[in-house]
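Assemble the whole structure, with the sequences as input and the hints as a guide.
Line by line, the protein sequences give chains A and B.
Using the working numbering, you'd call the opening residue of the first sequence number 1 and step up by one each time.
Using the working numbering, you'd call the opening residue of the second sequence number 1001 and step up by one each time.
Some hints here could point you the wrong way.
To be verified - Computed footprint of chain B on chain A, listed as stretches where at least three residues anywhere in the stretch have a Cβ under 8 Å from a Cβ of chain B:
hint, region
1, 5–17
2, 76–86
3, 102–108
4, 120–134
5, 248–256
Claimed, not checked - Not close to chain A: a few residues of chain B, all C-beta gaps over 12 Å, as computed:
hint, residue
6, S1099
7, L1107
8, G1120
9, P1122
10, A1133
11, W1296
12, A1324
13, F1422
Since the hints were derived computationally from the structure, they do not count as laboratory data.
Please read these numbers as outputs of a predicted model, since none were measured by experiment.
We put the CB at the ideal spot given by N, CA and C, even for glycine.
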Amino acid sequence: MVAMIDIGGLVFDYPGLRALDHVSFALEAETITALVGPNGAGKTTLLRCIAGLDAPFAGTVNVAGVDVLREPRASHRMMGFLPDSYGLYDELSVRQCLLHCAATLGLARAEQAAAAESAAGRLAIADRMDQKTGTLSRGLRQRLAIAETIVHRPRVLLLDEPASGLDPEARVGLAETLRRLREEGMTVIVSSHILSELEDYSTHMLVLRDGRLVDQRDLAGPVAGSAGALRLRLVRPDERLEPLLKAEPDVSALILDGLNAHFRFRGDETARAALLRRILDAGVAVAEFAAEREGLQAAYMSGIPPKAVAN
Amino acid sequence: MNPELRRNLWLQFSPGRLLLAPVCLGLVLVSVWIVAFHVYNVVALLSEGTYYLLAVLWGTRRAGDLMAEEVAQRTWDAQRMSALGAWQMTWGKLLGGTSYVWYAGGLALGAHVAARSLAGFPLWQGSEAVHFAHMLGIGLLGQAVAFQTSLVLLRKQTLRRRLGATASQVAGLLAAWALSGGFPFSIAPSQMAPVQWFDWTVQGDRFWLASTYLFLAWSVFGAYRLMRLELQFRNLPLGWIGFALYLMVYADGLLYPAILYSEGLAAWLIGPFAIAIALTYVALFAEPKDVLRYRWFAQALAGSDLGQALLLLPQWLPCFLLAALTGLTLCLFGDFARLSALLALLSRVPMFASFGQGANLGEFSLALVFYLLRDVLLVLLINFRSRRGRADMGAFLCLMLLHLPLPVILRFFGLSDVIPVFAPYPLSSGLVNIALPLVEAFGLWWLVRGRLQAAGRFAAATA
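Structure follows, in structure tokens:
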């Protein structure tokens, strides 16, 4: 696996406070990673270090093969960052804002207009191009801010609390936008301490606590050594299923619900295939057998001690 | 086109604003021309004054507000995320942000040149062209210094919209005034006194013109270097050291007649010594004094990582070393015979009385270095407190009290012997003047070291 974002031994200090304590991780391309943790865990500091806005005391930050600490300006050509408290030039039109960003992010003059139109189209603000930024609603400003960060088609997008202050409709729109950007090949990190906000679109999760990385997992599948969620759907009700699953040592948290069985299973894909074979051999008619997408809240709660969750 | 320049042009110009400046200026100047019985010199003087109001007074305000505006609008992080280079960002912002000022100021300057020509002083006459170029330079210099100051404040994280812009404007105005040669209006330049700089005697207006553009170049260079730091580039301290050396040579050039009179090494070194001391204080207060950065610097030194140590080097340190070097040279090899005689003459002026009564200027120079060291450590100690707040303001007040009112009050009450506890006193013995600040500096170093160590003991991040 070639990591799109590769962080090694990152240390960042404030006087009397170690905000990032030897944080290391790697993220694959075309993923959306939820960066979660309680307030003050170091999420914003980590994002600012990845973006090359703050210099850590020690460690390495590589984005798409570029050493961010050595070449911060070069890395910005392939990265977009939306800070928690972003600003816009209220006196400029949406078009001027996007053209300015396209130019400052290194696009050639001939490409700038098309890039601005494209970014506006992707964020559904193409009909506002000649409107002054200062007259936009909060949701539209948020979309413009994201459009500015993706106008140069970055390979990596960093968003710090992007949904704060948005109404429910705008949040749904944001989720759709992020999923679309991922499908287009972008790697996204979204920081928030509101897990429900990240639930819809995250594929991976990083948990920070007290400046340390305490968990990293793929939300679509089980983490090595831990139990992943599985769902089994029967063709017809079958009494043999419950004792069969209860007899399996790696099965836990079994819930039977009519034709459906939900349970957690500790084991890799080979072990999962063997489990399915044993169920089929027992004569149980199986219609579906699949990994169940684990809820972010459940994953977060299972990954860290309860006291860390309290804000 | 530079994207930052283009953005500023979009913000600065609208059809209405394009019309506003020429219409207003034209109406005022034509009415004055009519009222003043068609005397072009009056129009020239008024347009010149208008130019200074626009380019210097308003221009320094605009330049000082450019960074504060970005911070207040929360757009600076997005700018820092751009791929623009530091030089593009510097000149795009400085010229773009003041473009309307230059549009209006340029009209006033054009009106001034036209009126002077009509009054019989065409531009191609030597002194007119020099004065025109000087006017332009003063405007540019004031704005560049204001912009540079706002970058200094931004780096210290003390750039608040109004206060920061005002402080930057004041710095720009002071620089413009200092390099104007006294009275910058066109009726006076030919009357400016000639200036002797080393062996050259230069006509006043030409000397100040050259000085203005040299300092303008340094100011723009300084702004560029600060912008590099903002954009996460790394700077070696060579630019600041270069400026310190330039200023020393510049000052010695102006002091040359006194150097010729005084003879000897001391006369050559007194100017640079004073400059090095002044720049140590300037750098000390201009830089952020982050305790962790000093800790990293100490760790880099301890680990013999000279490259990293140079990148983290506090800017006051090279100036302090220059002050120590010149001070020590003055103490060991300075010949103050002529200078003491000159100061003895000055002793008739009460303020300088101490110097005429046998003060040992060599030892006193060394004492000044130790007092400087004590002051530096005191400022660092105050800044290294865990709750920094307005540390620099507190440190500045502390130094002011130590050096100004306390010695005067102690002397008034006949307690002159106690003065060296607080500030250098020429009439005290050399040993007292050197030993006391050394002891104080040692005590302060012990406390500073404790703060540096404490900064490395980290509390867990709190929720």
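Going down the list of hints, with the structure as the test:
Closer than 8 Å: that is the beta-carbon criterion, and the region 5–17 of chain A has 5 residues meeting it against chain B, so the requirement of 3 holds. Residue count for the region 76–86 of chain A with a Cβ under 8 Å from a Cβ of chain B: 8. That meets the three needed, and the coverage hint holds. Three residues within the 8 Å Cβ limit are the bar, and the region 102–108 of chain A against chain B gives 4, so the coverage statement holds. Proximity of the region 120–134 of chain A to chain B, defined as three or more residues with a beta carbon under 8 Å from a beta carbon of that chain, is not established by the 0 residues found.
Restraint check on the region 248–256 of chain A versus chain B: 0 residues with Cβ-Cβ distances below 8 Å, three needed, restraint violated. Every CB of chain A lies more than 12 Å from the CB of B:S1099, the least distance being 14 Å, so the non-interface label holds. Non-interface status of B:L1107 relative to chain A is upheld: no Cβ of that chain comes within 12 Å, the nearest being about 23 Å off. Every CB of chain A is more than 12 Å from the CB of B:G1120 (nearest about 45 Å), matching its label as outside the interface.
No beta-carbon of chain A is positioned within 12 Å of the beta-carbon of B:P1122; the least distance is around 42 Å. B:A1133, annotated as away from the interface, keeps every beta carbon of chain A farther than 12 Å; the closest lies near 33 Å. Distance to chain A contradicts B:W1296 as a non-interface residue, since its nearest Cβ pair spans about 6 Å, not more than 12 Å. Listed as outside the interface, B:A1324 is consistent with that label: its C-beta sits roughly 29 Å from the nearest C-beta of chain A, beyond the 12 Å cut-off.
The claim that B:F1422 is not at the interface with chain A holds, since no C-beta of that chain comes within 12 Å of its own (minimum 30 Å).
Figure legend: structure checked against the earlier numbered hints; hints not met, in rising order: 4, 5, 11.
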